[in-house]
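Engineer: Sequence:
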Amino acid sequence: MVTKADPERKKKKTQVPFRLNVLFLIVFFLFSILILRLGVLQIVNGEEKRLESEAVEEVIARKEAPRGKLLDSNFREVVGNKPFFSLTYTKTVDTKADDTMRIAKWLAKRLDVTKEQEKKITERDKKDYFIAQHDIKELMEERLSKKEKKLDDKEQYKALVDKITEEEIENLSAEDLKVLAYKRAMDSGYAYSAQRIKTNLTNEEVSIISENLGDLPGIDIMADSKRIYPYGESAIFGAVKQIPKGKMEYFSSLGYDRSDQVGVSGLEVQYEQVLRGMKEKSVYLTNPKTGQTIGEPKSIAGQRGKDIVLTLDMELQFRLERILEEEILKAKPLPGNELLKSAYIVMINPKTGEVKGIAGKRYENGKFINDEYGALFNSYEMGSTVKGATVLSGLQKGLVSMGERIYDTPYTKYGMNKSSWKNMGTINDLDALRMSSNVYMFNIMDRMIGPEHYTDTYAEARYMYNQFGLGVKTGIDFPNEATGYEGKPPEGEMGTLFDLGIGQFDTYTTMQLVQYVSTIANGGYRVKPQLVREIREPATDEDKEGKLLKRFEPVILNKLDVDEKYIKRVQQGFWQVMHAPGGTAKSYFDDVEKYHNPAGKTGTAQRIIKHPQTGQLTEKHNLTLVGYAPFENPEIAFAVVVPEGTPRNGNQRINKFIGQRALEAYWELKKEYGENAATVNGNMEKEKEEAEGSAQ
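By the UniProt record's numbering, the letter at position 686 of the sequence shown is numbered 686, and the numbering carries on one by one without gaps.
Just so you know, the hints here were simulated from the structure itself, not pulled from any lab data. Certain hints may be false.
Each computed DSSO-like pair below joins lysine-lysine, with the alpha-carbon atoms no more than 30 Å apart [what the hints assert, rightly or not]:
#, residue 1, residue 2
1, Lys150, Lys341
2, Lys586, Lys488
3, Lys422, Lys473
With beta-carbon atoms standing in for the labels, derived distance ranges [said to hold, decoys possible]:
#, residue 1, residue 2, range
4, Phe318, Gln652, 49 to 57 Å
5, Lys115, Asn365, 40 to 48 Å
6, Lys163, Gly232, 46 to 54 Å
7, Arg143, Thr202, 36 to 44 Å
8, Pro554, Arg462, 22 to 30 Å
9, Val161, Glu118, 15 to 23 Å
10, Phe318, Ile221, 32 to 40 Å
11, Ser173, Ala223, 19 to 27 Å
12, Ala97, Gly232, 15 to 23 Å
13, Thr496, Thr122, 55 to 63 Å
14, Gly255, Asn365, 38 to 46 Å
15, Ser210, Glu249, 31 to 39 Å
16, Thr202, Lys119, 52 to 60 Å
17, Pro538, Gly255, 17 to 25 Å
Every residue, glycine too, gets a C-beta built ideally from N, C-alpha and C.
Please model the complete structure; the sequences and the hints are all you need to start from.
Structural biologist: If you want it as structure tokens, here you go:
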């Protein structure tokens with residue numbers, strides 16, 4: 001019996017093989033893609049992937065970032081950056097000499113060469129270039145002797161260089177020298193270090209290079225900058241240069257590249273790690289066996305260095321510099337005598353140590369030269385200004401008592417004949433400071449002499465002066481500072497011990513002198529002078545300051561081990577110098593409203609100078625002045641030093657004139673700033689709280 005086929009079942013049977021065929025086709029297609037991909041990886045990219053799989057080293061190339069700015073206490077930019085573009089070349093370990101020569105020729109045809117580039121070309125560079133332009137094997141065959149040909153490769157090349165004549169290198173064309181200038185700059189760099197080969201590119205040069213970067217491996221255009229000084233350069237700010245050879249190893253250990261710019265003096269070197277920017281990085285993968293680089297480098301963005309806010313007020317600084325110049329020129333000597341050569345002044349907040357102004361001027365060859373360094377490094381005998389330390393120490397040690405009266409007449413003990421500038425009769429300790437008695441100080445020094453030997457007293461006296469900052473480093477945040485010189489007493493000579501007590505034996509700097517008077521002004525605390533007030537993040541808005549990162553608080557170096565009543569006694573003596581009848585500075589500073597009731601001490605140190613050629617002896621005077629104001633609550637202290645003035649002429653009062661005008665300038669500027677100062681201080685306190693909160 002024949003049965004009829006079920007059409008539905010037949011339809012289902014034909015669909016199954018069809019679906020299997022489609023599935024097989026898809027699987028076949030996927031396998032084909034996989035096989036093709038494996039073929040590409042192994043055949044086309046096999047070598048690169050093999051090297052990449054073997055690469056276990058990362059080499060990082062860095063591009064220098066702009067340095068942080070220096071701002072004055074009112075956030076005015078005093079050291080900034082001027083942007084420009086530099087042409088850089090980064091070579092790798094597999095860079096060939098032919099590569100650099102090709103690129104150097106390309107650059108020489110399209111770019112100019114600066115005079116700076118030309119100056120760097122040496123005779124050896126020219127000889128190397130001459131050899132590179134010829135077949136080196138032929139040159140060696142022609143010029144080396146049989147003996148020289150047996151040398152090793154390095155010695156052979158050295159011998160060949162010696163065979164190149166002056167005439168041959170002089171015949172190099174101007175175009176050859178352009179090529180050489182670029183090739184030399186490219187070869188002087190280090191592997192994976194972006195070497196500047198030309199700075200200050202023009203817009204046209206940037207455009208030409210940018211269009212051809214794909215054909216110039218290693219060449220790049222880098223955003224660069226150089227230091228600018230809107231208010232003029234200053235030794236305090238310092239300088240930035242390429243790493244000195246003697247410090248190359250030190251900076252390399254800190255992660256610097258050999259071509260980097262670093263601070264080499266002043267605040268630039270003192271705060272190098274703060275001002276230094278975070279470099280842009282290019283990370284290369286390299287094969288440790290072959291040294292080959294693999295693929296394109298990975299870039300990591302850099303950042304400008306942090307800004308530092310100075311304690312200096314540039315407007316006050318300018319006024320102080322102008323005052324020094326004008327007073328030096330006004331203090332004309334008598335006929336036959338020399339004009340004053342230099343003067344220094346430092347103004348400081350006696351409670352915080354913030355240096356508000358530091359100025360120095362030297363007059364040479366008919367013009368003035370800035371000499372702020374002189375306030376830190378030039379030391380002089382300061383004369384009677386140091387008598388405050390002598391009296392204060394004498395009171396504390398019980399060598400004299402408050403109000404003790406001593407007859408001021410020539411001191412003839414130990415065979416000496418020393419006196420004050422006039423016979424003052426019977427005086428007490430306040431009178432001694434007010435009228436500047438030498439004899440009163442001689443008595444204190446005499447009573448200090450120990451039973452063993454008088455020379456022990458030098459060490460004891462110097463120790464007490466050290467407590468005020470005289471004869472020791474002030475601790476200022478600056479790379480270096482002088483401590484002055486200790487006089488060497490002749491054997492058996494007593495006179496120099498007494499000279500020490502009146503400031504005419506050891507030498508001190510202007511910065512030490514202002515720290516000394518600040519210690520008296522603030523009640524006995526020796527505070528570290530500070531040139532930097534804050535560290536801030538780079539500002540993102542030109543009209544606003546960057547985020548506060550750190551504020552430097554006052555640092556107390558030591559406190560005088562002295563009874564408070566004795567400090568107040570010397571303070572009273574300093575006030576009488578400027579306000580009481582007979583005070584050596586009364587006629588200059590007694591205007592309480594104008595100068596805000598200052599206190600201080602004058603000084604004159606007599607020096608006998610021997611001419612190096614003629615042997616002629618000349619008397620010179622170091623004219624000094626220290627002070628602070630207001631007397632009741634000091635906010636500014638100052639020290640003026642005018643070395644080697646000629647006695648008995650118009651310059652004998654220059655120290656007082658400078659002090660007068662400096663105080664006037666300070667109070668005038670404070671009045672000009674007005675309520676803005678209070679607003680700024682309020683913002684500073686708010687920022688300080690925010691910074692401390694972030695730190696916690």
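Engineer: If a hint holds in the structure, say so; if it does not, say that too.
Structural biologist: Against the structure, the hints come out as follows:
Simply put, Lys150 and Lys341 have alpha-carbon atoms about 67 Å apart, too far for the 30 Å limit, and the pair is violated. Simply put, Lys586 and Lys488 have alpha-carbon atoms about 36 Å apart, too far for the 30 Å limit, and the pair is violated. Under the criterion of a C-alpha separation no larger than 30 Å, the hint pairing Lys422 with Lys473 is inconsistent with the structure, at around 35 Å. Taken as a hint, the range 49 to 57 Å is violated for the pair Phe318 and Gln652, whose Cβ atoms sit roughly 27 Å apart.
Between Lys115 and Asn365 the Cβ separation comes to about 28 Å, which falls outside the hinted range of 40 to 48 Å. The supplied range of 46 to 54 Å is met by Lys163 and Gly232, whose beta-carbon atoms lie about 53 Å from each other. A C-beta distance of roughly 43 Å is found between Arg143 and Thr202, which places it inside the suggested range of 36 to 44 Å. The supplied range of 22 to 30 Å is met by Pro554 and Arg462, whose beta-carbon atoms lie about 26 Å from each other.
Taken as a hint, the range 15 to 23 Å holds for the pair Val161 and Glu118, whose Cβ atoms sit roughly 21 Å apart. At about 39 Å, the beta-carbon gap between Phe318 and Ile221 stays in the expected band of 32 to 40 Å. Between Ser173 and Ala223 the CB atoms are about 34 Å apart, so this pair departs from the stated range of 19 to 27 Å. Distance hint for Ala97 and Gly232: a CB-CB separation of about 46 Å, inconsistent with the stated range 15 to 23 Å.
Look at Thr496 against Thr122: about 56 Å separates their beta carbons, and that is inside 55 to 63 Å. A hinted range of 38 to 46 Å for the beta carbons of Gly255 and Asn365 is consistent with their spacing of about 44 Å. In this structure the supplied range 31 to 39 Å holds for Ser210 paired with Glu249, their Cβ-Cβ distance being about 37 Å. A C-beta distance of roughly 21 Å is found between Thr202 and Lys119, which places it outside the suggested range of 52 to 60 Å.
Against the hinted window of 17 to 25 Å, the Cβ-Cβ separation of Pro538 and Gly255 comes to about 20 Å, which satisfies the hint.
Going through the hint list in order, the structure does not satisfy hints 1, 2, 3, 4, 5, 11, 12 and 16.
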